[in-house]
Structure formats: structure tokens, C-alpha cells
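Participant: Same order as they appear, the protein sequences are chains Y and F. Numbering of the first sequence is given in the numbering used here, commencing with residue 1 and proceeding in unit increments. Numbering of the second sequence is given in the numbering used here, commencing with residue 1001 and proceeding in unit increments.
Treat the hints as calculated values from the structure; they're not laboratory data. All C-beta atoms, glycine included, are put in the ideal place defined by N, C-alpha and C. Where hints are given, some of them may not hold.
Stated by the list, open to error - Partial pick of chain Y residues on the chain F-facing surface, computed with a CB cut under 8 Å: (1) VAL446; (2) ASP467; (3) THR536; (4) ASP564; (5) PRO568.
2 protein chains.
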Amino acid sequence: MPVPTGDRLSALRALMSSDEYKIDAFLIPSEDAHQSEYIADCDKRRYWISGFTGSAGYAIVSSKEAALFTDGRYFLQASEQLDNNWTLMKQGLPNVPTWQEYLVKNLPNESRIGVDPTLITAADAHLLSESLKTVNSTLVPVHANPVDKVWSDRPGAPQDVVITHPVKFSGKSHVDKLNDVRKYIQSKDAYGVVVSALDEIAWLFNLRGSDVECNPVFYSYAIITESEAILYVEAAKITDGVRQHLGDSVTLKPYNAIFDDLKQFGEKLTATEKKLITNPRTSLAIEVAAGQTNIKEERSYITDAKGIKNEAELKGMRDCHMRDAAALVHYFAWLEKQLKAGVALDEVDGADRLEKFRAEQGDYVGLSFDTISSTGANGAIIHYKPEKGACKTIDIKQIYLCDSGGQYKDGTTDVTRTYHFDQPTDYEKRCFTRVLQGHIAVDAAVFPQGTTGYLLDPFARHALWKDGLDFRHGTGHGVGSFLNVHEGPHGIGVRIAYNDTPLAAGMTVTDEPGYYEDGKFGIRIENTLIVRQAQTPHNFGDRGYLGFEHVTLVPIGLNLIDLDLLSPDEKKWVNDYHAEILQKIGPLVENDPDAVAWLKRETTPI
Amino acid sequence: MPVPTGDRLSALRALMSSDEYKIDAFLIPSEDAHQSEYIADCDKRRYWISGFTGSAGYAIVSSKEAALFTDGRYFLQASEQLDNNWTLMKQGLPNVPTWQEYLVKNLPNESRIGVDPTLITAADAHLLSESLKTVNSTLVPVHANPVDKVWSDRPGAPQDVVITHPVKFSGKSHVDKLNDVRKYIQSKDAYGVVVSALDEIAWLFNLRGSDVECNPVFYSYAIITESEAILYVEAAKITDGVRQHLGDSVTLKPYNAIFDDLKQFGEKLTATEKKLITNPRTSLAIEVAAGQTNIKEERSYITDAKGIKNEAELKGMRDCHMRDAAALVHYFAWLEKQLKAGVALDEVDGADRLEKFRAEQGDYVGLSFDTISSTGANGAIIHYKPEKGACKTIDIKQIYLCDSGGQYKDGTTDVTRTYHFDQPTDYEKRCFTRVLQGHIAVDAAVFPQGTTGYLLDPFARHALWKDGLDFRHGTGHGVGSFLNVHEGPHGIGVRIAYNDTPLAAGMTVTDEPGYYEDGKFGIRIENTLIVRQAQTPHNFGDRGYLGFEHVTLVPIGLNLIDLDLLSPDEKKWVNDYHAEILQKIGPLVENDPDAVAWLKRETTPI
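Just chain Y, with the same shape it has in the complex (with noise of 0.2 Å):
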């Protein structure tokens, strides 16, 4: 049922035309004032304006009009969550506007069109103010978000305290990170660094945080000098345990101080050719405080660094995998065992008693992600999210998807499963096959270095390909080491900005071809990699060649496999990754003899 928004659209306009606004439209992205792909509720601004729940929409509210823009992963919610207050804008279909040329075509010449500063990149800024001279308009950066001020029981921004994040896991200290920061800043030349992205700063100081569900993150900037260290996080967050970590080495201020301290600095370097460094994430309300002459926007050299995890972090993946895989077969063998006693079970009980498995796993914190727990048709929605009362019944007939991952303080995992606990149909087993063909084929590449995950993407096609099918969505992302299960810079993927950066030993990626038949069933096959040297006879040009290891060791449903389309190698790839299996998460689980009998059966070689 949609929200009736009559009211918050009467307010919000009000606040508009007074005054302290005269805007005659008001821009109300997704995204928080540090470009987080998930956010906390407090800036579920557009969700609360519009009704509207889906991780990617845009909202422009005119004072006679009120547009949400979204892509076609949420045509269907959103027509169902949007009041008649709202036009759904399909993005994608012909005829349909994008927001930006919405403002340009859409609405009056010479409008005034207001967005909160924090909420927009100074690059998009910049774009959007360029189209809008072409019709006499004018982008208005406000000083306070409208909606705010209209949103009268908007949850108070999280207070939890933020947690040190040990040197055993992070395998550097936040001391010598800093120090590399400073290298680069000396090697650019530069002033210093801004860094507002909350994945960046949790992994610079090596501190955690809870401010986003799923994401350990907590609400900060920071700005690194020659000289200074300043982390701009409020204080009721920092407890006397974090300021002995961070040491002297690093001042701490409230969180806006920054736009102070930016400004000061600005003022500062306007005389000299010294530039703070930004990239293309930062806020324009960044960019203005510090004044745009003084800023030098770059590929962030943190987020690069971080894509890189070090030898502690790698065993900190491989560990919290470990566990991680002992808690998916604690459950999918529970799940089945279930099932097949005909227990009715509905999506939302499994992702639950999986969240209790994985709980009970050392050193875990909390889930990666919502849990993707899928039956059926369900399964073919990419982003599923069941609920309680509105999800289906897990259906032993049909397909059962579950793509999850938890966070423990030594890694962050990401996974997928696709089974079926009775007989499939030859339809059903060629689409995964050829799924898995793929899932291998991205598992056991040789490259050299120098390459990109985006020529690596046809390899997790080419065997769907042949079908004549394929997928919708990427190969695999970067995953964080506990901190975000998506993170860049590097992925694979049809996306050209993934032919930017090379692939690179250290980093993680996830291998997660699919294969999805609307109202039918979705199939995926997900497992965490780790890019590593590879061991070739030769190395040809001296390029050093690199390949895979996957840290996921959780068995893949044998009875979907169509053996007839596998190559001997192929085979023997499925074989050898599940002895390894049997052998590093058959002792975890031994106090558990479904378990067990469900890991040994389900990694018998074929």
C-alpha cells in the first residue's frame, strides 16, 4: 500500500516558495552526504518523500509536480509504493527523460532548482549546472535540507561508539597508513587529501562503526595533511579505547567542523599552488567550502590502496570464509533436512536460522547484506528482500536461491547458492550448468597482469552464451575487509569504467554468474576470490601472469549439474574444489551429523 505523501509534499513546498528557499523544485537523491551505497534511516530522505523503498531512485519535487526516477528493477514496487502525488519516470524506456533532462525539459525556463550540497558530487554539480544554462536555469545549493525540516519524526542520526579495528586483522596501522597517504600527497604535490567516503575513513584509522545496517562504518570526514591528521566524527562516538589508537597522531573535531576547516584552509592556499586533493565522490558542499580553485579532484589513492588487501587481511578472509562455510552448511543441511520432513518454512525462517548459524561463528559481528532467501520466481528478483507476512513459502519443488554474507571482525563474505532438495527439471539443470560453466571458467583464468575485469567478464557468459542466454547484472565486485561487501575501485563486469583498473594480486573479487527466468526461478553462483600470482611454466614478456583463489568453500548442488555438458576439466575442477571443501569444513562442523552427512554426500566426486 503507498504512502500518502499529500501531506509531506504540501509542507515541503511551502518551505520552497518562503523566503528562506524561493526554489521552484527540489532535488532529493538517494544518497548520503558521503556517496554510501547503503544508507542510515535518517537519510532515507527520498524513501520518506516519495514512499518509495528501492536502493536506486531519484526524487525531484516541483511546486507542481512530484517525479521519481528509477530503473527497471523497481518499475513494479515503485508503481505499487507511490501515491497519486507521483509520476513514476521509467528510466531506461524511449520517451522517458533521465532526472537531468527532466529539469532541463520538464520544467520552466529560468527555474531555480535547489539540492542539498552534501548530497551531490561537485562533478555532477558541475554537469547539471551546464545543461541548466541552456534553458536559464539555476542550480541552488540550500544551507539546510528542506526536507529535514518538514520530516518531523526523522530517526535521530546513530550514536554508537566506533570500535578499533586490531593491526592483526588490518595488517597495517592506521599510523603507517597515514604515513603512505603523505607519500602521496608529497608525490601529487598537493596540500593534502580530503576523504569523506566512511569506508575510506574506517579503513585509514582502522576503526569500525555500526552507523549503516550491514555496513561497519560510522559518520566522519577526515583531512590529511603534511602536518595534521584531522578526523571530524562527533564525540559522543569516540571512547577513551579510540583516542589511545589513534594517538597523538590524529586530532579529532565534530563532525561539520570540516566545512570550518576547509574553508580556513582554502583561504589558505588561494595565495599558493598547492590543491587539496578530492575524487570524483566528494560532495560539492566540500568543494564550496573549500573553494573550487583550491581543490584538485583525482582517483582516490585511498580507495586503490584499500582494493589491495595485505597478508593479514588475506588470512582474515580466508578464516571468517571458513567459518562462514561451516554456518551455510550448518544450514542448508538443516534446511533440507526440514524440507524433506515437509516443515513449512517460509523464506524469512530460513534466512533467520541462517543468521543464527552464522551467529554462533567466532568472531561474527553482524550480516554483510540482507539475507537473499528466494524460492521459485522469487529467486529471479535480483534484489530480493523477503519479508514476514508478504514472503513465500520455501517450496521443495522448486528452486531455492540464497545469496548472503556476514561480517566478522577478521573479513567480510559474500555468497551464493542456488539448490534444488528434490528432482529438477533437464531445463533447470542445463541453466545451472551452464551458470557453473561460467563460475569456472572466471575461477580458473590465467591472465597477465594488465588486465581488467572487464575483458575478463565474456569468460562467465561464453558458456550461457552458447544457449543463447545470459545475465543482467555484473560478474563479481570488490569485497571489503570487514567493511563493505561492495567496494571498488576494480570489478568485472560489462560496465566500461571496470577497463580502468587492472585486475591486481591482493585484491578480492566475487565470481557470480546467474542465470533468471522472470516468474520462474533465478540461479547464481557466487563465490569470494582472492587475485593472486599465478604459477605458469613461463612468463611471457615479463608481464607476470595472475589467477584466482576462491575463500568461498561451500558445496554447489550436484544434482543441478548436467554432467553431460562438462568437460573432463570442468569436472575436475568441481572435484577438486569440493575434496577441498570436504577437507577444510568437514572438521568444523563434526558436532553436527546432518551435517556432516549432507557435506560428505554433497562433495562426492562425479
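Let chain Y serve as the given structure and place chain F on it in line with the hints.
Facilitator: Chain F in isolation, oriented as in the chain Y frame:
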């Protein structure tokens, strides 16, 4: 042995410093005024001034230095051919500047750098001028090429007559093609199109020539407008038959008359919004003549249209590749017999005999490029051309690589086979088989519409990569229809430009992975393929799926295959391919018992 270039360079430098030129450096590209890959003798200025005969290279002569820039394919050859007046600049190695960087960094600031404006594209000239500005140097278009003035025995321009290419082979009349171009001009709201690439002109007017060895083109320009089609070509080349073929719809003018015409068109266009469309291969001289503001550079419509072969052209490709395969089977059977009988044959003897076998085939016109007939280490010189006296005797104990092709009235061929007529080593077999696996992976690939050759390129390398091996050239290029053996716009390779053109049904493309060990051997397996609709059981996303048809039908050396490396699917591919060859080519060689026996043996199932 290097050609002595001291006197040539002295004469050129004297002219450069004379009052007529007053330039500090002169650029000598490899290309002709049409940016042709292969050029007539009179255009081989870079060869004449430097002595280096490779197809790719760039010479820069300044008052003090003479530098020759070339890529990895030619490092060895260039170092052998250049005398000590020249510095070899190995492009792609660390710390070696590109020729553009060299002009900025290695020459004095404020240099006047001369270039023949017909020999540099307008686009390259603009980029170069911009970077020269940073050091206050200037690009100076010269009116008469100073190399031509000092080249006393320069060959005259080719004067051979043009022939017509009948519709039974071209599949479409030149009148219909001109109408298509006019529809394109209308769609762009332009005045007309300037055509300067020789193969575009030959294709558009259904004419062929012999001005460039192996390339059936003739020196010409063309301008197409809504009302006119002007072909600029020397009258001596045009027979009555060609005049009759062209009819009233085409106006003939002398070759160089285009520059005056462009000036007149330019003056007329300056007052209007209409432009003349050029493309990225158009010379600076054309842009200067028409006036930069009257020109609009676009991706070449004619190259795109030419790249998609029609049914008549595809039939011609299939037909001529059958005859071509028969010639190759005769040749390889003959060669093996000679070598086994201990007859001493050098690489040129081999190439000459192959040419004779080709010449016996119907509709044969000539070679499509110089035959690479190479034994042992010469096979590692990727663009090797054996020369009588300087080449090697074919060694039965070493790998023999033969890359060759023919021009036939119904099509153009390009094929490489690698054989060992005695007993290859295990290592040679392993390398050959890795190349074969890459060849098969491309040949057997199925992919959705929209996929580019950039994305398929890793398929050709994946098996080599597993051993830490690779090759330093592209995987494939388009092949003309009784036209240039290399043509665009598409290709399979690591150059990002190949990501601009999706493969499309009707395109031709070669599949030619290789592996080369300097000083030891070279391996390449090359077929010509046609892109066509694939028969897939499904059509996910309604995009349509494409695959390849191989038109080359020559056995792949069985004794070089390491059977243990091949998957059952790969073995089946080899057996299916060989069965097809035996069936289609067997009847064509039945007058030659040696060829029949060789063909039967070489197509034995594995």
C-alpha cells in the same frame, strides 16, 4: 645489410634548412595520401630515407638526429636494416617516447616541424599542434615533399588501368551504393561526403585497380553530394569500358583536381550551415583545401557499409576460399614430399611454388599480400618476407610457418598454417596446441549482438595464458571482398578502438592467434571467418546471438597437436573441421595423387 643513408639524409637536411623550407625537423610517415596500409613504390618515402622496409614505422629527421619509431613486431628487423645514422625507437618499451613525445621532449623548443599535409590526418595534425604548443614548436605543412625532391630515382606514379567489378560479385550496383550514400548525407543534413580511402572508392564505384601491390585499388579521390558524384582519377587509367560502367551518374576529373574543387565547395559552404563530411583518415591537405569550418568529421559510413558483406560477396568469399584451399593442399603435399626426398628448397622457392598453385585456380588475380614462407626462427619474425639469397633453406627438422593469401575476382583470402614435416618436440606441440585452443575458442564462440572484438580477444589467449604465454599482435582483422586483405572498421584485438564496433552478421574477420619464440620458431593458425546469426535454443533479451562460419578449409597440422591438452569438445571441433575439409576440398585436388594422400592423412580423426 643496411642501406647506407648518409647521402640521402645530408641532401634532405640541406633542403630542410634552405630558404624554401626553413624547418628544423621533417616527419616521414609510412602512409600515402590515402592513409593506405600498403603503398605504391613511389610512396615508400620512409623506406627510402631509412632503409627500413617494415610496414609500420615513423621516421623523423632533424638537423642532428634521425629516429625511426616502430613496434615490437619489427624491433629485430629494424635493428638489422637501419644503418648507424639512425636511432631505433622501440615503441612500447619503458622510457621510450612515442614519436609525438619525441618531438616535444627531444627536439629543441621553438622548433619548426615540417610535414607533408597529404600524409598526416587532420585529426593527428590538430593533436600534434596542440602538444607542440607546450614547447612553442610549430607544425608546418609543406607544399612539396622535400623527400621527393632529393629522391632522384623515385618511381613514377602507377599508371595501370582500372577494371570493373561486376555486380555478380559485388552484389550491388554503384548506382545503388551512391543512393545509399546520399540517404546518409540527407540523414546528416550535410552537403556531401569526401572519400579518400582507396578501398572505399573501389568498393563504392565497383571498380578495381592495381596501383598498390596486392591491393586491388587505384589512386583516386571522390566527392559525393546530393546532386553529383565526382571521381578524381587520372584519365589514362580509365578505359571506355569503365566509362560505360560508370554511366552518366559519375563525373570524372583528374586526381589532383579535388583540391581546387574542395576550395570552391568550401567557399560556397562558408555562408551555409551545411558541411562536407570527412572521416578520421582524411588528410590535413583536404581539410585545409575545404576550410576547417566547412568540414565535419564522422565515423566513415562507407567503411561501415563495406564491412557488412552481402550475399553475393559472402558466396564469393566461400567460393574463392575453396579454390584457395585446394592450392594450399597441393602446395603443402608437394612441399612435404620434396623435403622428405631431401630436395633443398629455400623459403622463396616455397612461396613461389605456392603462388603457382594459386595462379592455377579460377579467377585468380594475384597475391593479397607478400607470402610469409618461414622456417624455424624466421617464423618468429611476425611480418617476415623471405628474399632470394638472404633467406633460409627450409629445414625439415624445424617448424614451417606459411601466411599467405590470394586476390580472386570473387574474394580475398588470408590463411596461415604451421606444420612440422618431421618430428616436433613436446614443447613445440604444447605451444601449438595452446594456440589451437585459442583459435577454436574464437571460432566456436557464440555471443550476443553488440559484442565487440575487443571483448572476444581474450578467448584467443586464454589457453596460452594458462602456460604464461601470449602473443604481441591482434587476433583478427576484417578481410575485403576482392579488396584489401586488412580492412575495418572492426577487428578482434587488444586495441580499445576495437571496442567501438560490435561484430555484426556479414562481417569477415580473421582468427589468428599465435606464439613466437625469438630465435627459435613461430606458430600461427589463421582462418578467415564470417560473422553470422547463431542457431541458439534461446534468445535471452531478444538481442539475437551471433557466431562464426570458417571459410578457410585447410588441415591443421595433426602431428603438432598434444592430444592430452584438448577437451573432448576441442577434439570434436578438429574432427568436424577436418571432415568438412576432406568433403569440400578433396574433389578439387583429385587430379593430384600426392595432394589426395596428404589430405586424407591430415584429416584423419584424432
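Participant: So, PRO568 (chain Y) near chain F? Judge it on the closest CB pair being under 8 Å.
Facilitator: holds, 6 Å
Participant: The hint names ASP467 (chain Y) as touching chain F; please verify it with the least Cβ-Cβ distance against 8 Å.
Facilitator: Where the cut-off is 8 Å and the nearest Cβ of chain F is about 6 Å from ASP467 (chain Y), the hint holds.
Participant: Was the hint right that ASP564 (chain Y) lines chain F, CB cutoff 8 Å?
Facilitator: violated, 11 Å
Participant: Can you verify the interface hint for THR536 (chain Y): is its Cβ closer than 8 Å to any Cβ in chain F?
Facilitator: holds, 3 Å
Participant: Answer holds if the nearest beta-carbon of chain F is closer than 8 Å to that of VAL446 (chain Y); otherwise answer violated.
Facilitator: holds, 5 Å
Hint 4 from the list above is the single one not met by this structure.
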